[in-house]
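Q: For reference, the chains in residue letters:
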Amino acid sequence: EDQVTQSPEALRLQEGESSSLNCSYTVSGLRGLFWYRQDPGKGPEFLFTLYSAGEEKEKERLKATLTKKESFLHITAPKPEDSATYLCAVQTYTGGSYIPTFGRGTSLIVHP
Amino acid sequence: KAGVTQTPRYLIKTRGQQVTLSCSPISGHRSVSWYQQTPGQGLQFLFEYFSETQRNKGNFPGRFSGRQFSNSRSEMNVSTLELGDSALYLCASTLTGGGTDTQYFGPGTRLTVL
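Chains as they are written, first to last, in this note's numbering: chain F, 1306 to 1417; chain D, 92 to 205.
Honestly, I wouldn't trust all of these hints.
As the list claims (entries may be wrong) - Here are some chain F residues the structure puts well away from chain D; computed CB gaps all over 10 Å:
no., residue
1, Gln-1308
2, Ser-1323
3, Lys-1362
4, Lys-1374
5, Phe-1377
6, Thr-1381
7, Pro-1385
Said to hold, decoys possible - Footprint (simulated), chain F over chain D, 3 or more residues, beta carbon under 8 Å:
no., segment
8, 129–138
9, 195–204
Since the hints were made in silico from the structure, they are not lab data.
The structure presented is a predicted model; accordingly, all values stated were derived computationally and were not measured.
Think of the CB as a built atom: it goes at the ideal place given N, C-alpha and C, for glycine as much as any other residue.
The following block holds chain F by itself, in its conformation from the complex:
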């Protein structure tokens, strides 16, 4: 069974204090790993897709990396507006389409 584990469950940072979120996975046949940001009461917002080990992608203060067993979302000099829940999902090919399995998320709070 495909499994996705995110850590930590919750993270509190001071503005400007860089850190990393982890997403470890056990799947057969990874087709892609996705990172999303979700604000309270809203749907997840797509951030990145990573396809192969060694791949990196950046967007503003966020940088996502991928190894064969895990992905990291690095947040550099975060601001209060980066506060959100960050979800990762792994996608596998099942029944003719790509089905994602989501982790439980990391709730990030950035204090000013």
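Fit chain D to the supplied structure of chain F, relying on the hints for placement.
A: This is chain D only, laid out in the frame that chain F set:
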């Protein structure tokens, strides 16, 4: 380009009733997926429709059903509501490319079952 829209945004129902939720995908996207999100279970896949056909189904009871219309709009139905069905129901519109699919989520429908 308009995003994924879901209606209604909020619903309150009582046990035993049924409910229908609606989702309009991004123009040009032919695949629509539905998810249930709860604090206890996180985001769980319900089903996916592509060109009016259910292509995949998650591990949910038969009370949960859906359909897709020729214009790609989709509806999800839950019959005989239970208290545990209270959740945020999310619809995702899928853009296919590069060997995998990128999903764009709507704002969700918050269902409360009393």
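Q: Now look at each hint and say whether the structure bears it out.
A: Consistency of the hints with the structure:
no.	hint	result
1	Gln-1308	holds, 12 Å
2	Ser-1323	holds, 26 Å
3	Lys-1362	holds, 13 Å
4	Lys-1374	holds, 19 Å
5	Phe-1377	holds, 20 Å
6	Thr-1381	holds, 24 Å
7	Pro-1385	holds, 22 Å
8	129–138	holds (count 4)
9	195–204	holds (count 6)
The structure meets every hint from the earlier list without exception.
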